[in-house]
Amino acid sequence: MIVSVFGSSIPKEGDKEFETAFRLGKHLGKAGISVCSGGYQGIMNAVSKGASNYNVEIIGVLVDLFGAKPSEY
Numbered sequence: 114m115i116v117s118v119f120g121s122s123i124p125k126e127g128d129k130e131f132e133t134a135f136r137l138g139k140h141l142g143k144a145g146i147s148v149c150s151g152g153y154q155g156i157m158n159a160v161s162k163g164a165s166n167y168n169v170e171i172i173g174v175l176v177d178l179f180g181a182k183p184s185e186y
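In the working numbering, the protein residues as written are 114 to 186.
What the hints contain is simulated information worked out from the structure, not anything from laboratory work. Careful: at least some of the hints might be erroneous.
Each computed DSSO-like pair below joins lysine-lysine, with the alpha-carbon atoms no more than 30 Å apart [what the hints assert, rightly or not]: (1) 182 <-> 143; (2) 125 <-> 182; (3) 139 <-> 182; (4) 139 <-> 125; (5) 139 <-> 129; (6) 162 <-> 143; (7) 129 <-> 182; (8) 125 <-> 143; (9) 125 <-> 162; (10) 182 <-> 162; (11) 129 <-> 162; (12) 139 <-> 162; (13) 129 <-> 143.
Quick caveat, the model's predicted, so the values are computed rather than measured.
Can you make the complete structure from the sequences, with help from the hints?
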C-alpha cells in the first residue's frame, strides 16, 4: 500500500505542521505503508523523514521546473 501526501513546502522543523506530518510518516512507516510526496521540503520532507526509519518505499515525484533542492529522504 502507498499513501500519497500533499502539502506545503514552507513549514520547517519545529513548526506544528512539519511535526504533524513527521508523526504521520512515522505512523505510516511503522504500519508498513509506503509514502509518496512531491519530494521537496516542508510537509513532503517531513512525511518522508518520518517514514525513513522503517523498511518502506519512499517515493518523491520531482520536476525540473522549480530548481529546488529535493528532500534527502
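(request) Sort out whether residue 162 lies within 30 Å of residue 129, counting only the CA atoms. (result) 15 Å, holds
(request) Below or equal to 30 Å on CA atoms is what counts here, so check residue 162 against residue 143. (result) 12 Å, holds
(message) Between the alpha carbons of residue 182 and residue 143, is the straight-line distance 30 Å or under?
(response) 27 Å, holds
(request) Would you check the hint for residue 139 and residue 182, treating anything up to 30 Å between C-alpha atoms as holding? (result) 23 Å, holds
(message) With the threshold set at 30 Å, check whether the alpha-carbon distance from residue 125 to residue 143 stays at or below it.
(response) At roughly 23 Å apart (the allowed maximum being 30 Å), residue 143 and residue 125 satisfy the hint.
(request) Could you grab the alpha-carbon distance between residue 139 and residue 129 and see if it respects the 30 Å cut-off? (result) 15 Å, holds
(message) Need the status of pair residue 125, residue 182: alpha-carbon distance at most 30 Å?
(response) Distance of about 14 Å is within 30 Å: holds.
(message) So if I understand the rule, the pair passes when the alpha-carbon distance is 30 Å or less; does residue 139 with residue 125 pass?
(response) Within the cut-off at roughly 17 Å; holds.
(message) Check the hint pairing residue 139 with residue 162 against an upper bound of 30 Å on the C-alpha distance.
(response) Holds - the C-alpha atoms of residue 162 and residue 139 are around 8 Å apart, at most 30 Å.
(message) Tell me if the straight-line CA distance from residue 125 to residue 162 falls inside 30 Å.
(response) 12 Å, holds
(message) Hinted pair, alpha-carbon criterion (30 Å max): residue 129, residue 143. Please report holds or violated.
(response) 21 Å, holds
(request) Mind checking the alpha carbons of residue 182 and residue 162 for me, to see if they're no more than 30 Å apart? (result) 15 Å, holds
Violated hints are absent here; each numbered hint is respected by the structure.
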